[in-house]
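Colleague: Starting from the given sequences, assemble the full structure and let the hints guide the process.
Each chain, letter by letter, is given below.
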Amino acid sequence: MRELSFAQALHEALDIAMEADERVFIMGEDIGVYGGAFGVTGDLVHKFGEDRVMDTPIAELGTAGAAVGAAVAGSRPILEFQFSDFSGLAMEQIVNQAAKMRYMLGGKVNVPVVFRMPCGSGTGAAAQHSQSLEAWFAHVPGLKVIEPSTPADAKGMLLAAIEDPDPVLIFEHKLLYKIKGDVPEGHYLTPIGKAHVAREGRDVTVVAAAIMVHKALEAAEILQAEGIEVEVVDLRSIRPIDTATIIASVKKTTRLACIYEGVKTLGIGAEISALVAESEAFDYLDAPILRLGGAESPIPYSPILEKAAVPQVDGIVEALRNLVKGRI
Amino acid sequence: MRELSFAQALHEALDIAMEADERVFIMGEDIGVYGGAFGVTGDLVHKFGEDRVMDTPIAELGTAGAAVGAAVAGSRPILEFQFSDFSGLAMEQIVNQAAKMRYMLGGKVNVPVVFRMPCGSGTGAAAQHSQSLEAWFAHVPGLKVIEPSTPADAKGMLLAAIEDPDPVLIFEHKLLYKIKGDVPEGHYLTPIGKAHVAREGRDVTVVAAAIMVHKALEAAEILQAEGIEVEVVDLRSIRPIDTATIIASVKKTTRLACIYEGVKTLGIGAEISALVAESEAFDYLDAPILRLGGAESPIPYSPILEKAAVPQVDGIVEALRNLVKGRI
Amino acid sequence: MATLVFIFEIETGLMNSALKKANLGKNQRPFYANTSPAALKEALRKMHLVRMFEEMAEDSYIRGLTHGTMHLSIGQEASAVGITMGLRKTDYITSTHRGHGHCIGKGAEAKYMFAEFFGKEEGYCKGRGGSMHIADPETGNLGANGIVGGGLPLATGAALAIKQQKRDDVAVCFFGDGASNEGAFHESLNLAAVWKLPVVYVCENNGYGMSVSTDRSMSVPNVADRASSYNMPGVIVDGNNIADVAEAMVVATERARRGEGPTLIECKTYRTRGHSRSDRNKYRTKEEIEEWKARDPIPLFEKELLDMGIFKQADIDAVQASVKAEIEDGFNFARSGTDPVPEDVTRDVYAREIA
Amino acid sequence: MATLVFIFEIETGLMNSALKKANLGKNQRPFYANTSPAALKEALRKMHLVRMFEEMAEDSYIRGLTHGTMHLSIGQEASAVGITMGLRKTDYITSTHRGHGHCIGKGAEAKYMFAEFFGKEEGYCKGRGGSMHIADPETGNLGANGIVGGGLPLATGAALAIKQQKRDDVAVCFFGDGASNEGAFHESLNLAAVWKLPVVYVCENNGYGMSVSTDRSMSVPNVADRASSYNMPGVIVDGNNIADVAEAMVVATERARRGEGPTLIECKTYRTRGHSRSDRNKYRTKEEIEEWKARDPIPLFEKELLDMGIFKQADIDAVQASVKAEIEDGFNFARSGTDPVPEDVTRDVYAREIA
Ligand SMILES: Cc1ncc(C[n+]2csc(CCOP(=O)(O)OP(=O)(O)O)c2C)c(N)n1
Ligand SMILES: Cc1ncc(C[n+]2csc(CCOP(=O)(O)OP(=O)(O)O)c2C)c(N)n1
Ligand SMILES: [Mg+2]
Ligand SMILES: [Mg+2]
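Residue numbers (the numbering used here), protein chains in the order written: chain P, 1 to 328; chain W, 1 to 328; chain H, 1 to 355; chain C, 1 to 355.
If you're looking for bench data, these hints aren't it; they were derived computationally from the structure. Note that the structure is predicted; figures quoted are calculated from it, not measured. A few of these clues could be false.
[As the list claims (entries may be wrong)] Below, a list of computed lysine-lysine pairs in the DSS-like style, where the Cα atoms sit at most 27 Å apart:
#1 C:Lys111 with W:Lys108
#2 H:Lys282 with C:Lys196
#3 P:Lys307 with P:Lys251
#4 H:Lys196 with P:Lys47
#5 P:Lys251 with W:Lys325
#6 H:Lys41 with W:Lys307
#7 C:Lys111 with P:Lys307
#8 C:Lys111 with C:Lys196
#9 H:Lys282 with W:Lys178
#10 W:Lys108 with P:Lys307
#11 W:Lys108 with C:Lys89
#12 C:Lys282 with H:Lys196
#13 P:Lys108 with H:Lys166
#14 C:Lys312 with C:Lys282
#15 P:Lys108 with W:Lys178
#16 P:Lys194 with P:Lys180
#17 P:Lys108 with H:Lys111
#18 P:Lys251 with W:Lys251
#19 H:Lys166 with W:Lys47
#20 C:Lys303 with W:Lys47
#21 C:Lys286 with P:Lys47
#22 P:Lys47 with C:Lys282
#23 C:Lys166 with W:Lys47
#24 P:Lys325 with W:Lys251
#25 W:Lys180 with W:Lys194
#26 P:Lys108 with H:Lys89
#27 H:Lys282 with W:Lys47
#28 C:Lys293 with C:Lys41
#29 C:Lys166 with C:Lys89
#30 C:Lys166 with W:Lys108
#31 C:Lys303 with C:Lys286
#32 P:Lys178 with C:Lys282
#33 H:Lys166 with P:Lys47
Modeller: Okay, here's the thing in structure tokens:
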């Protein structure tokens, strides 16, 4: 296997899907000759032409709806939001149309559309370009929401999303684009809806996704030296959520921490916590359920504040240590 | 005190606020001579004129943004969404502008805008006119989100919202508009951020808001006959949430049920559950935390299915009984 | 509407104007000259079907047999049928909250529509959609829409798919005057123009968006005035005259099929019923309503058909009688349909069941 | 631009054209005839300030002194300053991601802008906003905006507030050619026209929305062509010529203050830098950039001032020197500013602290 960056892995998935299926096309702002704001589409326009790698006017509602309409009419569109924050302009088409169309029509149409959602803070782009809004979409039946953390999963899950008959949003944390990892060649699918135990441990279960998986693994490494064994569950899919894997892990470790970058209140950790608290795993819990989420503020510009606005490794280490040692 | 309907109570709040402060004005679709889709504005256009009770073109993004701009420029706009579902078109202005403007500008502006959000199912209006989307907004720092359950609170909280220097969304469940209750005369404020113990009980705490408070109270009445005493906490405010009141109640009853109409996954009950599970009240819990939320589907049209899509009194009674009797 | 180029259409009976132009008498405008009697009869039948369907639906609603809300298009049938009569099954339409006419025009059957209204499994949406989401993908109707303007981007996308799949179908987007003030209108028409998509935007301008008249909601007198912003033809027609509507539509459709891009057609019409049941008509006068009722598109069409000697009164009576029977049968079929079971509330949310 | 009616403005030095018209020589267009030398000098000073501010900001960015992203308006200074020079402090502007020029034009000081870039508490946004949210409500600047088109509804709303408060101020909305394809453009201009709001929409058409040229994103050649859809004047000016810009703006502003409603002004201009730092200019040619550089608005303005004998070279040199000093001082002020403390991350989210 070769190493690819997360962005390269996504690029490869797009390339493979477009090769394999003429119905697949990509649209978005500056994804053509510019290659995409984060370079994911790169040279694809040269390979597949402007009809299948379409630069769009800046019109998020119209283009999102056009993607939905094209999906219903038998194509397989992939829409890149330049930043997932701009989906605020397109919620109507994503939530009221794409998510509900199949159901409202009694199951008579499919809506195989993929929305690519670059997200997250850490680039100094401030409040309107740094949000982690996956919880909004995971609240909406009819949508699927995925959030890979590794290049291999990015490729396999994007391919799965493109082949899925239902609308899928793939959240791509911007700080992940440059990370590298082994990526299998050719076509493969990483199933939507299955979490992955990224590290085994017996003292505490950390449930995280995307960039927070990496931070959790770093924290686990540090705590290992102190004799604390952290199990890290990489969610990968936010809707559907793989409850079984989470519950099994909590029953083993008896402690749960949910770590996420989105705003703490009603972020994905709220759901993980509630899923466990209502489950058979409740009786196994030896400590309150820890949540570390984003600050109750917009993402600020100042790098000092920006760091303070989302969980960092130091804070995770300390919180997990306290949780395991019963000092919550 | 006289009895007023929920809709009349809201109307009275608008009337009082507009009398008291020239800067207050209302805008929305068909709120003028039509009187509003649910009759809340009624005759206000005749009293205050078309400049202060403004029928708007159908343009949710533009009018929401205009309300925000007017607020920043020193007016006190109230925007009525005809159905809160249409806010999908205006998320950009509500979330990226209204919620963040004060923060992004270093605290140098206020954004005193109120969005009125008729919500909820039960009217046969199906998937695009029946949602309960308060969780989306409660996930967004910079916004306040309230959801009164009684006419008296509707009036007092709407007045509080209008006088609040920050953006407030008031969710008004459509099935509540016709319920009646005592409403004090004149001007008064019901504080934003304070829950209310609507019924005391020692066996289980139910946390609910808006219409679910009424269903919970009905269920409590039924269970009372079986010797089960249900405490019902009326949330009233979803952001900020009155954590202290909830925790105090759970410490007393040792059991928690969260009942809400929004989709279960990542609905407001997820946050309530997680708040308690991470708190000092965790150690008091004698049972898993129950969540009863909306089905994982859009709201269907068929009345049979529509009922099945949200918690009903029967189901609440049964679930609470099982929770208290340890049969979860 | 410079030149009308009609292409022979097996499905619709519209004939090539080049062949027919020679035959135009002074009473024979292109619509009548180029449309077969069978197709004219079918158009009339559909107009009656829409009307009687809605009258029966209204009645059921008043009697409490259906719940929810309902938007009637009574008075607007010429636009719905005139626009759809020349379309193929593989062409798409997106419709509106006021969509019964579009649905029937595109080929739906009344009985499954009634079944939908009664929330039955036999309904077009298996009881999940109701009036506001009535749809029939089988006949190319991608659905009514509860969101004003919601269909504008969808139709644009369907046209994009047609173009990418190199089909010569078209997508037709119905929307109202009120919807034309939504951002979705602007974005969609611009996209379609820039990409030269095979789409026809049909504004049914009935003078009001709910209670707000166009002069209070729009900064220009006509929706079609805005076509110039998108460098596309903007055509205004008498929406109560089916011939006017259909002729403009032929031009627009052929332009789209030839790959020359979108057209905006504005049908000036009127809804004689209130917006929905809660409407107390406080925003318009009785006189205005009566004036428009006098221009009812159905008698208007019938009179032209009789005047031109295309049909006799007996033909028309027969059409009406058959529609009446169809409505009654459909109503009965629907009433005895199957109720959904509560356990199925989450069925059909996803194509593949999720965990 | 039928008639230019200039009203004497204490704040800006623009004078009533009725008084001045008599003095118009053949080289003296209204702008030069009616603007006091002090105001002309101030305009030139601001153009230089914008330019040097951005050059310094760019340099800081390249040296890693600031983080995040940055959009430079180098080449567009005539539009920013020409539009804002006649405004009062109580008038509002909404700005864009490319907003340094608007901010300085409306009256902001470089030192607090630098402080913002360096994320300091002394910055206009106390370090919370950065370049993309630079704002100064004190001088009526409601802020740059990270959302393309985000300011369109906001300015419309500010104008609505002005009207409701019976003030005679105006709101000015800057936006780009790319933004004109957003639904927010359509909705806002329609609202402003229907309600006759005192707002001026200023499109800075620099030919590209990021990498996409206007002929690939717009279905008409000019943004101003769309003004007819809103029944408002649409004016196209040479955005690199401050006199052109300012003259059109006077007409629009006065129209707005008289309560006659909105205007759309399109400034044709060009950004000579890339869209942002990641831009490799693959979508345009070097020649095109060079052509526009030859039409740099600053030398162009200076040449006119010299040609008309309003200033001597020494005056201009003095302006430049003073700006240079201001930039250096501002930079130093900002560098030694106060870093925010992490605990303050949730400060200023709400006006009243919440539970
Ligand atoms: C986005 C959105 N806004 C508002 C409504 C409420 N509403 C339903 S129909 C309607 C009027 C629509 O007017 P128009 O587009 O002219 O269609 P008409 O009803 O006249 O056929 C309104 C305001 C809605 N359903 N969706
Ligand atoms: C809603 C939204 N869509 C996309 C972007 C990303 N983006 C930032 S600037 C820009 C180009 C804007 O073009 P234009 O309006 O012409 O302004 P210019 O950059 O040319 O000054 C894009 C696509 C954004 N910030 N907001
Ligand atoms: Mg209408
Ligand atoms: Mg531009």
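Colleague: Against this structure, judge whether each hint is valid.
Modeller: A quick look at each hint next to the structure:
With a CA separation close to 18 Å, the supplied pair C:Lys111 and W:Lys108 stays within the 27 Å bound. For the given pair, H:Lys282 sits about 25 Å from C:Lys196 by alpha-carbon distance, which is consistent with the 27 Å threshold. With a C-alpha separation of about 33 Å, the suggested pair P:Lys307 and P:Lys251 falls outside the 27 Å cut-off, and the hint is violated. For a cut-off of 27 Å, the pair hint linking H:Lys196 to P:Lys47 stands: about 23 Å separates their Cα positions.
For the given pair, P:Lys251 sits about 23 Å from W:Lys325 by alpha-carbon distance, which is consistent with the 27 Å threshold. The hinted pair formed by H:Lys41 and W:Lys307 fails the criterion: a straight-line CA distance of about 44 Å is larger than 27 Å. At most 27 Å may separate the alpha-carbon atoms for a hinted pair to count; C:Lys111 and P:Lys307 meet this at roughly 25 Å. For the given pair, C:Lys111 sits about 38 Å from C:Lys196 by alpha-carbon distance, which is inconsistent with the 27 Å threshold.
At most 27 Å may separate the alpha-carbon atoms for a hinted pair to count; H:Lys282 and W:Lys178 meet this at roughly 22 Å. With a C-alpha separation of about 23 Å, the suggested pair W:Lys108 and P:Lys307 falls inside the 27 Å cut-off, and the hint holds. A hinted pair counts as satisfied when its Cα atoms are at most 27 Å apart, and W:Lys108 with C:Lys89 qualifies at roughly 16 Å. The suggested pairing of C:Lys282 with H:Lys196 holds, with an alpha-carbon distance near 25 Å, which does not exceed 27 Å.
Between the alpha carbons of P:Lys108 and H:Lys166 the distance comes to roughly 24 Å, so the proposed pair stays at or under 27 Å and holds. For the given pair, C:Lys312 sits about 41 Å from C:Lys282 by alpha-carbon distance, which is inconsistent with the 27 Å threshold. At roughly 37 Å between alpha-carbon atoms, P:Lys108 and W:Lys178 are farther apart than 27 Å, so this suggested pair is violated. With a C-alpha separation of about 22 Å, the suggested pair P:Lys194 and P:Lys180 falls inside the 27 Å cut-off, and the hint holds.
For the hint pairing P:Lys108 with H:Lys111, the CA-to-CA distance comes to about 18 Å; that is within 27 Å, so the pair holds. Using a Cα cut-off of 27 Å, the hinted pair P:Lys251 and W:Lys251 holds, with the two alpha carbons roughly 25 Å apart. Taking the CA atoms of H:Lys166 and W:Lys47, the gap is about 59 Å. The hint is violated against a cut of 27 Å. As the CA atoms of C:Lys303 and W:Lys47 are separated by approximately 60 Å, the hinted pair breaks the 27 Å bound.
The straight-line distance between the Cα atoms of C:Lys286 and P:Lys47 is roughly 25 Å, inside the 27 Å bound, and the hint therefore holds. Proximity of P:Lys47 to C:Lys282 is assessed by CA-CA distance (about 16 Å); at most 27 Å being required, the pair is judged to hold. A threshold of 27 Å between alpha carbons decides the hint, and for C:Lys166 with W:Lys47 the separation of about 19 Å falls inside it, so the pair holds. Restraint check for P:Lys325 and W:Lys251: satisfied, since their Cα atoms lie roughly 23 Å apart, inside the 27 Å limit.
Under the criterion of a C-alpha separation no larger than 27 Å, the hint pairing W:Lys180 with W:Lys194 is consistent with the structure, at around 22 Å. A C-alpha spacing of about 16 Å is found between P:Lys108 and H:Lys89, which places the hinted pair at or below 27 Å, so the restraint holds. The hinted pair formed by H:Lys282 and W:Lys47 meets the criterion: a straight-line CA distance of about 16 Å does not exceed 27 Å. Simply put, C:Lys293 and C:Lys41 have alpha-carbon atoms about 23 Å apart, close enough for the 27 Å limit, and the pair holds.
For the given pair, C:Lys166 sits about 17 Å from C:Lys89 by alpha-carbon distance, which is consistent with the 27 Å threshold. Between C:Lys166 and W:Lys108 the CA atoms are separated by roughly 24 Å; this keeps the pair inside 27 Å, and the hint holds. For the proposed pair C:Lys303 and C:Lys286, the alpha carbon gap of about 25 Å is at most 27 Å, so the pair holds. Pair hint P:Lys178 plus C:Lys282 holds up; C-alpha atoms about 22 Å apart against a cutoff of 27 Å.
With a C-alpha separation of about 19 Å, the suggested pair H:Lys166 and P:Lys47 falls inside the 27 Å cut-off, and the hint holds.
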